[in-house]
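Asks: Now that you have both chains on their own, put them together as the hints suggest.
For the protein sequence lines, the chains are X and A, in the order given.
Add 917 to a position in the first sequence, counting from 1, and you land on the number used in our numbering.
Add 74 to a position in the second sequence, counting from 1, and you land on the number used in our numbering.
Keep in mind the hints are simulated off the structure, nothing from the lab.
Hints may contain errors.
Stated by the list, open to error - Computed from the model, here is a short list of chain A residues facing chain X with C-beta under 10 Å:
1. Asp228
2. Ser271
3. His318
What the hints assert, rightly or not - Computed list of chain X residues with no C-beta within reach of chain A, every gap over 12 Å:
4. Trp979
5. Ala999
6. Gly1040
7. Tyr1066
8. Arg1095
9. Ala1108
10. Trp1175
11. Val1215
12. Ile1216
13. Ala1218
14. Ala1226
15. Pro1227
What the hints assert, rightly or not - SDA-like cross-link-like pairs, simulated, lysine to any residue; straight-line CA separation at most 20 Å:
16. A:Lys251 <-> A:Lys108
17. A:Lys251 <-> A:Ser400
18. A:Lys108 <-> X:Gly1097
19. A:Lys251 <-> X:Tyr1190
20. A:Lys251 <-> X:Thr922
21. A:Lys321 <-> X:Ser1038
22. A:Lys244 <-> A:Lys108
23. A:Lys108 <-> X:Ser1038
24. X:Lys1223 <-> X:Arg1101
25. A:Lys108 <-> X:Tyr1190
26. A:Lys251 <-> X:Ile955
27. A:Lys108 <-> X:Ser1019
28. A:Lys108 <-> A:Met214
29. A:Lys244 <-> A:Glu136
30. A:Lys377 <-> A:Met214
31. A:Lys354 <-> A:Lys321
32. A:Lys321 <-> X:Pro1037
33. X:Lys1167 <-> X:Ser1074
34. A:Lys108 <-> X:Lys1223
35. A:Lys321 <-> X:Leu1021
36. A:Lys108 <-> X:Gly1020
37. A:Lys375 <-> A:Gly352
38. A:Lys108 <-> X:Phe1030
39. A:Lys108 <-> X:Trp1029
40. A:Lys108 <-> A:Asn193
Positions of the beta carbon are idealized from the N, C-alpha and C atoms, including for glycine.
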Amino acid sequence: MDFLTILQILDSSVRLATPLLLACLAGLYSERAGIFDIGLEGKMLAAAFLSAAVAAVTGSVWLGLLAGIAASMVLSGLHGLASITFRGNQLISGVAINFLASGLTVLVAQDWFAQGGRTPSLGGDARFTGLTLPFADALAGVPVIGPVYAELISGHSILVYLAVAAVPATWWVLYRTRFGLRLRAVGENPAAVDTAGISVVGLRFAAVAICGLLCGIAGAYLSTALQAGFVKEMTAGRGFIALAALIFAKWRPWQAMWACLLFGVLQAIALRYQNIRLGEITIPVQVMDALPYVLTVVILAGFVGKAIAPRAGGEPYVKER
Amino acid sequence: MTMMKTLLGAAAGLALAAGAAMAEPALIFDLGGKFDKSFNEAAFNGAEKWAKETGGTYREIEMQSEAQREQALRRFAESGANPIVTMGFAMADPLSAVAPDYPDTKFVVIDVNWLDLPNVRQVSFAEHEGSYLVGMLAAMASKTGTVGFIGGMDVPLIRHFGCGYAQGAKAVNPDVKIVANMTGTTPAAWNDPVKGSELTKAQISQGADVIYAAAGGTGVGVLQTAADEGILSIGVDSNQNHLHPGKVLTSMLKRVDVAVYEAMTAGENVETGVFTMGLKEDGVGYAMDENNAALVTDEMKTKVEEAKAKIIDGSLKVESYYTNDSCPALSF
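Here chain A stands alone, though its shape is the one from the complex (with noise of 0.2 Å):
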């Protein structure tokens, strides 16, 4: 018995050692999954980048349903993970619950910057800013006039892409005729290409000859038709030009794998508050590389870089769709 005692505390005695020595980071994806070839895989290249450079490991789950949102960060706070790195709109809600609950447990949370809570670093990007520029590039690159849009699921955030997007179109080319779909109202819209697919057909045939999807695993079947149909496409928040060569017309970065990376290196001294990440601070912009290189003339890029000075000194402002929960230049 004695023995059985001495045996039980020594291994409670590592298990505490072992939780207070490495405070791992953890990462909770959204629902779209850790490959998603887009928002949750740039979360997942920075933790990565940050694992392979300081030779840490942090703890993941993917989140299946919403029930398994609060479950999860639970799970993780009680475990001694610090910060808890959780990503997408969707986690605001539970975040509330849960963080008060931890006082001691720094939260990061991506694309949420409402809440009030004092142990929380929000960070927004200002893809509206990003989404200005590659729509000043498909306007330019568009030889119909018309130019086209696919949302994923309607929500505020899908519409702010598509707000910056008609802007930038209309300050290059005042006459330009916008396109404007959402996949759906439900979270299957983040992963119906056929879907995506129809959509893009159907604005085609509406003139459209580029179009930007800002729809998770739905955008894989607007580009795919998008290059069958010998139009261009424009990808978004990972650099998404390599999936169709020479078809793929840019990509809006958001670099959310800067933000995972930041949070993850500062560790449990992550700096709270709420941060936005604009052009100015390199949170979004568009993709170059080899694969869409002949697609972007020099005149383009010239004009495209001014108008990023221009929003990054403060002379050119693009409206916010969430200023007012409506677009100047777009109507949904």
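Next comes chain X alone, as it looks inside the complex (with noise of 0.2 Å):
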């Protein structure tokens, strides 16, 4: 294996990543707000269809990321109104969503499009392209900066960046700012918070909101930027395995990347090599298709540490009286 197609497996671990992380996010700060979200594919899925829809019709790929943004905070309110306002149980409702996206989005594409529940291929503006950094053509012939500035950092669509920015910038909201505190605390003891004064629901329904607001872009970057159109159930799972993610990095931020990066490079991987030789022994793909899901178990067992939940995540708040 050579230096070049170790970039090249890291540039596909980053954009594999990408619509992880962005969903990971989100799940963050729903969960650590005390509400636990296992629809965060489903609304990936509803924000990758009605972006590209929207997309396709007008022309305008940021109409479409407004238009998949919004689907996604639509069912992230029902999710909200089901689970705050009605005290409903979070996973059900979550289940539900997953249910809602993956039968709506078909039926819907294939009364506008006609096309068997896709919709028509994007051209031009009506997809997120790559950037090129500055400086990236002239230091590309610098001996190694140069290729893993031009070929690793730079050329992503700008969806990535956001992703990566994102990072930083929730962990300074969770941890250094009063709304961060607030919200945190609701998902640990929300009968201290509301003993405050603050309101428990409002704080939940705007961790909620965020939420939808993450999963929109995850969406929208899957449809526009890694791919021009919609394939029904094209998430394929990747909400679930953001979810994996989250119990992986232990409901914190930083930790969230890297784990949703190493799950990008265990899928690059596969992707790559399909079955890998070590020696006398041949790994075969599945296993490295299911290393997400078996880490996550370890961690949940307690091998590498605990993870522990926020306190009062899944169980509705209800105020005495």
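Replies: If you want it as structure tokens, here you go:
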């Protein structure tokens, strides 16, 4: 394996990790506020569809992105309504959202475009293209740093940089702002937050809205940046891998990024090498595909430290009367 | 009460008469869905052609999960549909369970040839022969001497495609390098264009400049990325040349539409048994139209037509992956 191959694999990892990272951060806000969200997959799927559909109709990818975010936030609102306002079971609400998105996207796509639950292929301004960062061409000739900068760092779509920037932003919001402190508190002990005179419901809705925003970007990235159009079920379980990454990272933003990158690298290697031969032993490709889940189970079983979920997670808050 | 009885009797009589008068054919699509731009859509086109020409109607259902297969078969058989056309190798087991219960109903199954049932017409295609031809085209169009193959779910049928392709490529250029990947091992692999894209990029970085996608909906991602990156791709099952005009070298045609059309035209009297549709029967082939006319030179075409004639008269034999579950030209 030469240097260039490693770069290409890392490059592929970044592309594959971006939707995971966005969805993972989305889940982080929601779960830190005490709302479990297994509907990440459904929200991404809805956003992927609507962003591709609007981009195809209007020819503008930015309008598509907005539409995708809107779709995802509507589903988030639904989740909030069911699990915060009406104190329903958060897991069931999440599952319902996944089903809803899975069926509705294909149905609406078929009705609009009559192409069998797809959107037309996007071209030109209707999709995100790679950005060439300044000096990428000039530096390309410099050994080691040049190719790393030109191949790995430059050339991604703007949403990739947005996702990376969202990591320190999330850290800052959660640990350095008043809002973040309250958000974390509401996931651990909502009664205390309520006693302090702060609205638990308001905070949780805010968290769910941020979750919708980030899932929307993740979905739009899948259909308008990685791909040029929507295909049914195109999220292919990425929402669940993002959840696994969230647990793997123990609900912390920087660790979430590393977890997503690790899962991205695993996928990229699995795609590049079908079977890996280590001397006498051959590792089949399925092992690499299953590793994210295996690692999560290992973490959950407590072999590598302990993953403790936000204490009030999953429980609707009932104000004492 | 008597009035009621008479009414009910009349209604029942009508229903029976209607059932007997027109035994509608039924069509069961596989998981990929009716509009997959590929395998199932070809079946849909064949059925539509039949409906348009005869003015008949047919019943249809799209499978959403594995569990529905047997249920759908039984429901159609109970309601008197005849013949019942089913798509895909995964229908083999449900058919073995259902077909013996309805000896007067004719069943047709595409991509299956190993069942022993008297009332089933089994149609399989010689995909390796068609793939051989597009493999030749790929190797002739390649400038780097490396061609790629991206399969959907890792099943023998898809390896069968890849195997014919590799033999064709090697026939033109014995030193050709073939990069082969499968998208996954679960049915999700038929609908993951993002993975298809990444596989395409990985194959391009390994030197491939013509990539053959036999991967259902995942192939959409392969063809898209190939067009974006400026290399050639090869479509599958239906003619996919129009998806990216001038960027798709050709498509390996599998005339599922013909098989479905023939079965529906024959109606209840459809002949049962095992049928293979190869180059000779025009069951497989490669697509030429205005979208790829500039990509395939006359010289390339002559060579492919030569090989085609040889395969038809039997002087050239393309090894089938099924013969001993391995491929002489490619290891997966």
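Asks: State for each hint whether it applies.
Replies: Status of the hints after comparison with the structure:
A hinted interface residue such as aspartate 228 (chain A) counts as satisfied when its beta carbon comes closer than 10 Å to some beta carbon of chain X; here the least separation is about 8 Å, so the hint holds. The restraint placing serine 271 (chain A) at the interface with chain X holds, with a minimum CB-CB distance near 6 Å, inside the 10 Å limit. Against a cut-off of 10 Å between C-beta atoms, the interface hint on histidine 318 (chain A) holds, since the closest Cβ of chain X lies about 8 Å away. With a least CB separation of 20 Å from chain A, tryptophan 979 (chain X) remains clear of the 12 Å interface cut-off, as annotated.
Consistency note on alanine 999 (chain X): stated as away from chain A, and its beta-carbon is indeed over 12 Å from all of that chain's, at 25 Å minimum. With a least beta-carbon separation of about 10 Å from chain A, glycine 1040 (chain X) fails to lie farther than 12 Å from that chain, contradicting its non-interface assignment. Listed as outside the interface, tyrosine 1066 (chain X) is consistent with that label: its C-beta sits roughly 18 Å from the nearest C-beta of chain A, beyond the 12 Å cut-off. With a minimum CB-CB distance of about 39 Å to chain A, arginine 1095 (chain X) clears the 12 Å threshold, and the non-interface call stands.
At the 12 Å boundary, the C-beta of alanine 1108 (chain X) stays outside the reach of chain A, the nearest C-beta of that chain being 43 Å off. Interface exclusion of tryptophan 1175 (chain X) from chain A stands, the closest Cβ pair being 21 Å apart, more than 12 Å. At roughly 22 Å, the least C-beta separation between valine 1215 (chain X) and chain A is larger than 12 Å, which holds for a residue marked as non-interface. For isoleucine 1216 (chain X), the non-interface assignment is confirmed: its Cβ lies about 24 Å from the closest Cβ of chain A, beyond the 12 Å cut-off.
The claim that alanine 1218 (chain X) is not at the interface with chain A holds, since no C-beta of that chain comes within 12 Å of its own (minimum 25 Å). Taking the minimum C-beta to C-beta distance to chain A, about 28 Å, the non-interface status of alanine 1226 (chain X) holds against the 12 Å cut. With 12 Å as the threshold on Cβ separation, the claim that proline 1227 (chain X) sits away from chain A holds: the shortest Cβ distance comes to roughly 31 Å. A distance of roughly 35 Å separates the Cα atoms of lysine 251 (chain A) and lysine 108 (chain A); the hinted pair therefore is violated under the 20 Å criterion.
Between lysine 251 (chain A) and serine 400 (chain A) the alpha-carbon distance is near 18 Å, which keeps this suggested pair within the 20 Å criterion. For a cut-off of 20 Å, the pair hint linking lysine 108 (chain A) to glycine 1097 (chain X) is broken: about 48 Å separates their Cα positions. Restraint check for lysine 251 (chain A) and tyrosine 1190 (chain X): satisfied, since their Cα atoms lie roughly 15 Å apart, inside the 20 Å limit. The hinted pair formed by lysine 251 (chain A) and threonine 922 (chain X) meets the criterion: a straight-line CA distance of about 17 Å does not exceed 20 Å.
A C-alpha spacing of about 14 Å is found between lysine 321 (chain A) and serine 1038 (chain X), which places the hinted pair at or below 20 Å, so the restraint holds. For the proposed pair lysine 244 (chain A) and lysine 108 (chain A), the alpha carbon gap of about 35 Å is over 20 Å, so the pair is violated. At most 20 Å may separate the alpha-carbon atoms for a hinted pair to count; lysine 108 (chain A) and serine 1038 (chain X) meet this at roughly 19 Å. A threshold of 20 Å between alpha carbons decides the hint, and for lysine 1223 (chain X) with arginine 1101 (chain X) the separation of about 19 Å falls inside it, so the pair holds.
A C-alpha spacing of about 33 Å is found between lysine 108 (chain A) and tyrosine 1190 (chain X), which places the hinted pair above 20 Å, so the restraint is violated. Simply put, lysine 251 (chain A) and isoleucine 955 (chain X) have alpha-carbon atoms about 44 Å apart, too far for the 20 Å limit, and the pair is violated. Between the alpha carbons of lysine 108 (chain A) and serine 1019 (chain X) the distance comes to roughly 17 Å, so the proposed pair stays at or under 20 Å and holds. A hinted pair counts as satisfied when its Cα atoms are at most 20 Å apart, and lysine 108 (chain A) with methionine 214 (chain A) does not qualify at roughly 34 Å.
With a CA separation close to 39 Å, the supplied pair lysine 244 (chain A) and glutamate 136 (chain A) exceeds the 20 Å bound. Note on lysine 377 (chain A) and methionine 214 (chain A): the hinted pairing holds, with a Cα-Cα distance of about 10 Å set against a maximum of 20 Å. Taken as a hint, the lysine 354 (chain A) and lysine 321 (chain A) pair is broken in the structure, with Cα atoms around 29 Å apart against an allowance of 20 Å. With a C-alpha separation of about 17 Å, the suggested pairing of lysine 321 (chain A) with proline 1037 (chain X) holds against the 20 Å cut-off.
For the proposed pair lysine 1167 (chain X) and serine 1074 (chain X), the alpha carbon gap of about 28 Å is over 20 Å, so the pair is violated. The suggested pairing of lysine 108 (chain A) with lysine 1223 (chain X) is violated, with an alpha-carbon distance near 47 Å, which exceeds 20 Å. Restraint check for lysine 321 (chain A) and leucine 1021 (chain X): the C-alpha separation of about 33 Å exceeds 20 Å, so the hint is violated. Restraint check for lysine 108 (chain A) and glycine 1020 (chain X): satisfied, since their Cα atoms lie roughly 15 Å apart, inside the 20 Å limit.
With a C-alpha separation of about 19 Å, the suggested pair lysine 375 (chain A) and glycine 352 (chain A) falls inside the 20 Å cut-off, and the hint holds. Distance restraint check for lysine 108 (chain A) and phenylalanine 1030 (chain X): the Cα-Cα separation of roughly 14 Å lies within the 20 Å cut-off, and the hinted pair is therefore satisfied. Taken as a hint, the lysine 108 (chain A) and tryptophan 1029 (chain X) pair is honoured in the structure, with Cα atoms around 16 Å apart against an allowance of 20 Å. Of the pairs offered as hints, the one joining lysine 108 (chain A) and asparagine 193 (chain A) is violated, with about 25 Å between alpha carbons and a cut-off of 20 Å exceeded.
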